[in-house]
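Chains as they are written, first to last, in numbering that gives the first Met the number 0: chain A, 0 to 561; chain B, 0 to 204.
No lab work stands behind these hints: they were computed from the structure.
Treat the hints with care, since some could be wrong.
Partial list, computed: chain B residues near chain A (C-beta under 8 Å) [claimed, not checked]:
no.: 1; residue: G47
no.: 2; residue: A49
no.: 3; residue: L54
no.: 4; residue: I60
no.: 5; residue: N66
no.: 6; residue: E78
no.: 7; residue: I186
no.: 8; residue: I189
no.: 9; residue: N193
Beta carbons are placed, not taken as given, at the ideal position from N, Cα and C, and that holds for glycine.
Residue strings, one per chain:
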Amino acid sequence: MESNIPEPEMKSRSGISPIWILPIVALLVAGWIAYKSIVDAGIKVTIRFDNAQGIEKGKTRVIYRGMPIGLVTNLSISEDFKSTEVLVEFVKEAHEQLRKNTRFWMVAPKISLKGITGLETILKGNYITMLPGDGPEERHFVALAKPPASLSAEPGGLNIQLIADNLGSLSQGSEVYYKGIKAGEILDFSLNDQGKVIIDVHIDRKFAQRVKKSSRFYNVSGITFEAGLSGFKVSAEALSTLMMGGIGFFNPEHAKDIKKAANGDSFRLFKNIDLAEQEGKRITLLFDEAKGIYEKIQIRYKGVEIGRVFSVELNKEITGIQVTASIQKQYRSLLREGTQFWLVEPSLGLAGAKNLETIVTGTYITLRPGKGKPKRTFKGLGAPPTYLEPRKGLKIILIAERLGSIKANDPVYFRQIKVGEVTGYRLSKDATSAIISVDIENPYAPLVRTTSKFWNASGINIDFSLFKGAKVRTESMQSILEGGIAFATPGKVSATTEETKFNKAKGVVLEESKPKEANDGGQTPIAKQPSGKPVKNGAKFVLHNESKDEWLKWRPKIVLGK
Amino acid sequence: MDKERLTAREAGLLNCLDCHMLTTKRDGALQMRCPHCGARLHLRKSNGMARTWALLITSLILLLPANLLPIMTVTYLGEKEPNTIIEGIEHFIQSGDYFIAIIIFFASILVPIFKVAGIMLIMISIQKRWKTWLKHRTLMFRIIKFIGRWSMLDIFVIAVMVALVNLGTLTSITPAPAATYFAAVVISTILASNTFDTRLIWEGA
């Protein structure tokens, strides 16, 4: 068709349709969502549980301090079918807390003597909780079978370890008391390589200052009922310890300015407060037999308790008894080479009873300190040492054919007055005679002269002859029962003079009642001077089996020492 | 195909898409209107291919957040539990409601994907000028148009649930972001099927 009318310009459609805005907007929105999800992406962590009971995929949360911070996104069983791998997605803020020592565990409702915990999980289901730890970042964890630590383990408290032989009735959550106030609690316990129980304890911040390096911890679990010869004792701490067990601690009085304990310090846990109080230097005593030695018997020195026996056991060779005891620290100077230990038991003899108090208080171990270097292992004596105290008297030695009934501590009489004691005896080196050491008290030392005669005054001496009739001679009653030694010192003049004088004087009392004579004894006639010379320490005399009549009549004047 | 067949376009005729009145085509700058119903008349829908493509791509992109994000949040005893579409279906399967699970699976997952994929296939076939399966393609498009209206089912389910299950903190259901994206997917696929001109299928035939 031909025409004058111009044809419209034909242009191809330029540009793009505005409809394309739609996919661009969609792309932007989707891109933004993708970006957000990448930025906000949680941290995927696997936690291995022995038992995933109660854990639900997509439901179970990880709650820390009441805040959900993670969600279980998947559950799978481990390859060996022995545990469950739980995949948890954490909020990214948890990033910093997922470290090697972070611990996870499941919170489930729990009803115990201490109370009911985890009640909220009855409605909401179990949840996983955590305790942040340190170390490098970590994405794979193994959950604990039970809560590791109380959540009340506030920062600033003190974490220490106690080492015990036996956990006893303690358990996680058992409380720690200081002066009866709750000061902390047991977080955990485990066995170490040596088979000791290691108890992790948390001390609250308020009480952290109270724990010193020297603090003593003791088990206060339940009721302690202790009965013995010394009576009985019932002790209990707070009522909750009856069921839950508990630990007490105190600071020994002499340790006030000791340094404060630091995190991770170890302490020994004593079985009870007595042992904790008695704790000091550990010593080992070796006895031949354990008769009369029990756990907890006292160790006394001069009648004062200075320690306790911890354990009594046979030694490795089964040849004797090994007694472990503890001596309070302030008395450790007593523990030296040469210190002798022996058991004090009640003894009933004809001559009387000794150590009767031990019937009531129980036997105890006593000691005589030595002077050597400090020492920790001692040999216990079967009997009291023959030489108890260092005496300053005159030491002489008697040589006898036989010992007779003489024993240590037997009295030595002069005119039936005790002037000394037998301190010991032994066989002479060639075994021909008994050697008896005697200690004469200082004031009476001058009585012993080189010419003095000693005889065994033990028992009753009965002379029986047809012509003279019977003659019974004894020293004191005690010597009859217990034995003893008597001696006499002759005057310078002949025995007969002495004898007559003695007869006339009719006894010692008469003589001594004349003060004048006694006073100027030095100027008395020569006949009244004792014969022989004063002896020195170590002088030797023969011990006669019996006295001769004449010896009994000797009565020279001798000035006593002071 | 039958080469001798005359198309309306070749005959210079136009069909009103609304009232189906046949008119003669007139060239000119002015808009052509149906003398019968007043609807706009196109020889072919203007710019149809580009629009359809744009809407298809939009719906394709929006399908991702619609399926990956939670579509509703179930609050049970104060515990909020967001659910994606798939998780919701899992829930129904676990609780034994297989019928509902199947319906939701069809309406929410299969249908949108089928729609998008089907239209895309048709579009590609037109652009590549494939000459086979013309009838089938038309049939497929008819089905797509038919089921398109049902793909809003999921949104209805959520709307009904939100209204019905509302017991405060004890149990309640609230829509989550994916619901919006899902609705956008449905809308854009419906628009895509509308902007598509079926006559294009037969164009090159």
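Tell me if B/A49 is really an interface residue toward chain A, meaning its C-beta lies closer than 8 Å to one of theirs.
holds, 5 Å
Interface restraint verdict for B/G47 against chain A (beta-carbon cut-off 8 Å)
It is violated, given that the least Cβ distance between B/G47 and chain A is near 10 Å, above 8 Å.
Grab the minimum C-beta distance from B/I186 to chain A and call the hint holds if it beats 8 Å, violated otherwise.
violated, 10 Å
Can B/N193 be said to touch chain A, with a Cβ gap under 8 Å?
violated, 12 Å
Quick check on B/E78 please, does its C-beta sit within 8 Å of some C-beta on chain A?
holds, 6 Å
Against chain A, is B/I189 within 8 Å by beta-carbon distance?
This interface hint is violated because 13 Å lies over the 8 Å limit.
Any CB of chain A closer than 8 Å to the CB of B/L54?
holds, 6 Å
Supplied contact hint for B/N66, tested at 8 Å Cβ to chain A:
Violated, because the Cβ-Cβ distance from B/N66 to chain A comes to roughly 11 Å (cut-off 8 Å).
Just to be careful: measuring from the Cβ of B/I60 to every Cβ in chain A, is the smallest value less than 8 Å?
Nearest chain A Cβ about 4 Å off; hint holds.
Hint compliance for this structure: hints 1, 5, 7, 8 and 9 are not met, and every other hint is.
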